[in-house]
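Participant: If you want the building blocks of each chain, they are given just below.
Protein chains: 2
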Amino acid sequence: MPDGDAAPRRATISDIAQRAGVSTSAVSYALNDKPGVSASTREHILAIASEMDFAPAAAARMLSQGRTDTVGLVLRRDPRFLANESFFMELIAGLEIGLAEQHRGLLLQLAVDREAEMAMYRQWKAAQRVDAVLLVDFERDDPRVGLVGGIGLPAVAIGDPSLTGGLTTAWTDDATGIREAVRHLHGLGHRSIARVAGASTLAHVHIRDEAFAAECAALGVRHRILHGDFGVELAERHTNDVLDDADDPCTAIVYDSGLTAVTGLKTARARGVSVPDQLSIIGWDDSLLTTVTDPPISVMSYDVVSYGTAAAGLLGALLAGREPAAHLAGTPTLHERGTTARAEAR
Amino acid sequence: MPDGDAAPRRATISDIAQRAGVSTSAVSYALNDKPGVSASTREHILAIASEMDFAPAAAARMLSQGRTDTVGLVLRRDPRFLANESFFMELIAGLEIGLAEQHRGLLLQLAVDREAEMAMYRQWKAAQRVDAVLLVDFERDDPRVGLVGGIGLPAVAIGDPSLTGGLTTAWTDDATGIREAVRHLHGLGHRSIARVAGASTLAHVHIRDEAFAAECAALGVRHRILHGDFGVELAERHTNDVLDDADDPCTAIVYDSGLTAVTGLKTARARGVSVPDQLSIIGWDDSLLTTVTDPPISVMSYDVVSYGTAAAGLLGALLAGREPAAHLAGTPTLHERGTTARAEAR
Numbered sequence: 278m279p280d281g282d283a284a285p286r287r288a289t290i291s292d293i294a295q296r297a298g299v300s301t302s303a304v305s306y307a308l309n310d311k312p313g314v315s316a317s318t319r320e321h322i323l324a325i326a327s328e329m330d331f332a333p334a335a336a337a338r339m340l341s342q343g344r345t346d347t348v349g350l351v352l353r354r355d356p357r358f359l360a361n362e363s364f365f366m367e368l369i370a371g372l373e374i375g376l377a378e379q380h381r382g383l384l385l386q387l388a389v390d391r392e393a394e395m396a397m398y399r400q401w402k403a404a405q406r407v408d409a410v411l412l413v414d415f416e417r418d419d420p421r422v423g424l425v426g427g428i429g430l431p432a433v434a435i436g437d438p439s440l441t442g443g444l445t446t447a448w449t450d451d452a453t454g455i456r457e458a459v460r461h462l463h464g465l466g467h468r469s470i471a472r473v474a475g476a477s478t479l480a481h482v483h484i485r486d487e488a489f490a491a492e493c494a495a496l497g498v499r500h501r502i503l504h505g506d507f508g509v510e511l512a513e514r515h516t517n518d519v520l521d522d523a524d525d526p527c528t529a530i531v532y533d534s535g536l537t538a539v540t541g542l543k544t545a546r547a548r549g550v551s552v553p554d555q556l557s558i559i560g561w562d563d564s565l566l567t568t569v570t571d572p573p574i575s576v577m578s579y580d581v582v583s584y585g586t587a588a589a590g591l592l593g594a595l596l597a598g599r600e601p602a603a604h605l606a607g608t609p610t611l612h613e614r615g616t617t618a619r620a621e622a623r
Numbered sequence: 278m279p280d281g282d283a284a285p286r287r288a289t290i291s292d293i294a295q296r297a298g299v300s301t302s303a304v305s306y307a308l309n310d311k312p313g314v315s316a317s318t319r320e321h322i323l324a325i326a327s328e329m330d331f332a333p334a335a336a337a338r339m340l341s342q343g344r345t346d347t348v349g350l351v352l353r354r355d356p357r358f359l360a361n362e363s364f365f366m367e368l369i370a371g372l373e374i375g376l377a378e379q380h381r382g383l384l385l386q387l388a389v390d391r392e393a394e395m396a397m398y399r400q401w402k403a404a405q406r407v408d409a410v411l412l413v414d415f416e417r418d419d420p421r422v423g424l425v426g427g428i429g430l431p432a433v434a435i436g437d438p439s440l441t442g443g444l445t446t447a448w449t450d451d452a453t454g455i456r457e458a459v460r461h462l463h464g465l466g467h468r469s470i471a472r473v474a475g476a477s478t479l480a481h482v483h484i485r486d487e488a489f490a491a492e493c494a495a496l497g498v499r500h501r502i503l504h505g506d507f508g509v510e511l512a513e514r515h516t517n518d519v520l521d522d523a524d525d526p527c528t529a530i531v532y533d534s535g536l537t538a539v540t541g542l543k544t545a546r547a548r549g550v551s552v553p554d555q556l557s558i559i560g561w562d563d564s565l566l567t568t569v570t571d572p573p574i575s576v577m578s579y580d581v582v583s584y585g586t587a588a589a590g591l592l593g594a595l596l597a598g599r600e601p602a603a604h605l606a607g608t609p610t611l612h613e614r615g616t617t618a619r620a621e622a623r
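Taken in order, these protein sequences are the chains called A and B. Each number in this note's numbering corresponds to the 1-based position in the first sequence with 277 added. Each number in this note's numbering corresponds to the 1-based position in the second sequence with 277 added.
Check the hints yourself; a few may be wrong.
[Said to hold, decoys possible] Capping the alpha-carbon separation at 20 Å, the derived lysine to aspartate or glutamate pairs in EDC-like fashion look like this:
id	chain 1	residue 1	chain 2	residue 2
1	B	543	B	524
2	A	543	B	571
3	B	543	A	571
No wet-lab data here; the hints were simulated from the structure.
Based on the sequences and whatever the hints tell you, model everything.
Facilitator: Written out as structure tokens, the structure reads:
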């Protein structure tokens with residue numbers, strides 16, 4: 278044999294047709310999942326192709342055309358935490374709606390840290406596992422922008438366009454959203470507001486920080502920001518820290534997620550602080566979770582599922598050869614429920 | 278050119294090494310994501326390989342070895358509903374934990390119906406998109422068992438082994454679980470119990486139905502079962518139907534999910550029916566959702582994340598050439614919270 282480690286001669290479509298007792302067209306229909314053969318014939322043909330270790334046309338086409346019809350998404354999250362954070366679940370649901378229309382699948386992988394995430398993109402590119410990737414959780418000077426550019430991996434960013442280095446981007450206007458939250462609380466008479474925020478390294482947290490501080494300053498509202506990790510433990514501790522501060526009693530807290538807002542409500546109640554009579558609470562990202570508490574939680578809300586679908590649409594356009602500009606997928610607006618009321622002195 | 282539609286001669290590793298000014302070993306390390314080159318050299322090499330349209334070794338290896346390191350999961354669910362159903366989100370999280378250890382990715386795709394789901398498996402097999410699939414939502418005489426066997430697609434079933442046709446199976450003992458729920462309610466004096474269930478075509482719903490009816494009969498408890506679709510609208514209607522029945526007032530309802538139990542609690546409260554004083558409620562599958570209501574909901578609970586991880590483990594064993602038997606990943610047990618109490622006449 279000319280090639281030392283080559284397998285025996287590869288089966289051809291004719292070999293399969295002969296063995297299955299059908300035409301080569303029928304084999305081709307079956308292998309490419311096209312109409313023209315019955316379901317039972319199709320399965321018979323696929324079974325024989327499999328027995329003969331046939332390297333199917335689609336795999337060969339993938340090599341020559343470099344197409345996988347698969348889009349990759351790496352999440353750098355604790356998986357136990359993931360299931361409780363409705364944002365990612367709704368985003369994935371929205372992506373699936375958009376990708377299903379394009380007949381593309383979503384390859385989902387968790388990574389423990391940034392290095393593992395970067396290695397995944399290199400590996401996916403090297404092995405032609407995906408046609409493109411979706412990038413989430415942007416940080417300032419995010420190294421992924423340079424990486425995907427350097428290795429020629431098409432990417433759509435989900436994040437603020439000021440931080441996605443010119444990548445095609447779907448974003449929501451968080452700055453406008455948090456300004457609305459502050460203005461609403463100010464209108465209710467709140468003059469000292471805390472923000473229990475996510476990790477300060479995350480770009481959208483930083484954007485909310487700046488807009489929150491600026492709006493509070495403009496309205497003469499005292500403010501403080503406590504950075505956490507979107508987890509329950511830190512949200513509880515930070516809520517207690519805010520409520521322990523006797524020198525400057527905050528009358529309202531704005532949380533960066535639904536889960537942390539629910540935690541804040543529970544923490545306040547456990548201390549005997551009445552919500553909303555003594556403390557107003559606003560969460561972020563609407564979900565079932567914030568509607569089933571008593572009282573249900575006022576949130577800055579936008580349609581995360583549609584956000585995901587919009588991102589998938591941008592990705593389809595990108596792969597079709599267009600380079601769409603940044604797409605504003607939504608501006609969070611206040612859904613007032615039961616946790617916001619006029620400020621009372623605590 | 279001998280081949281009519283062939284591209285120009287494919288670039289080799291030597292071509293890339295020459296252009297990048299590095300050794301062929303360095304190119305090989307970079308393309309296979311192995312240590313031995315710096316991150317910047319790796320990116321330089323990958324960029325050049327990409328420019329030269331290099332068909333990487335990994336893709337060629339996939340063709341010859343038929344390995345993708347990818348596992349497929351098709352969900353036949355409304356995506357807008359998916360984000361609210363914590364079971365699938367936790368299952369996916371658990372799968373990701375197990376698959377990450379195996380360096381495998383999860384290809385996730387939604388399908389509108391059973392036909393679309395079946396077509397997806399054929400297509401994945403024909404195009405060698407996945408090494409194996411995970412099957413969920415088993416029905417009686419499920420046609421997927423025959424399909425994956427027929428086309429030679431390795432599969433791990435997540436469902437009761439009585440219905441998965443001899444496939445390697447991860448399961449939870451739902452029959453034992455629901456019997457415990459009935460016994461507990463009987464012990465609290467409940468003598469008429471309703472079950473607001475999922476779709477009757479689903480195997481695990483049927484298994485719970487039979488065990489529920491048998492246990493009620495054994496204890497002399499009157500019972501009724503109302504089948505729905507795990508959605509909010511039907512859960513509300515069925516709860517109202519149960520509460521409207523003046524001839525045989527139920528004092529307890531067992532729901533098939535967390536979302537439907539939360540809906541039941543809201544529906545009862547909207548009618549002025551006090552939970553748990555006038556009506557006891559038990560949900561299924563623990564999640565944050567059932568803990569943040571007031572009162573928090575008593576549930577039949579097991580660790581869904583671990584269930585997913587166990588299924589991923591079985592899949593790894595299957596792909597390593599073993600054929601693991603059915604694996605009992607958990608038996609739901611009652612987590613009593615605030616929605617169960619002694620029966621009072623309504």
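Participant: Determine for every hint whether it applies to the structure shown.
Facilitator: Checked hints:
no., hint, in the structure
1, B:543 to B:524, "violated, 23 Å"
2, A:543 to B:571, "holds, 11 Å"
3, B:543 to A:571, "holds, 11 Å"
Checked against the numbered hints listed earlier, the structure breaks hint 1 alone; every other hint is satisfied.
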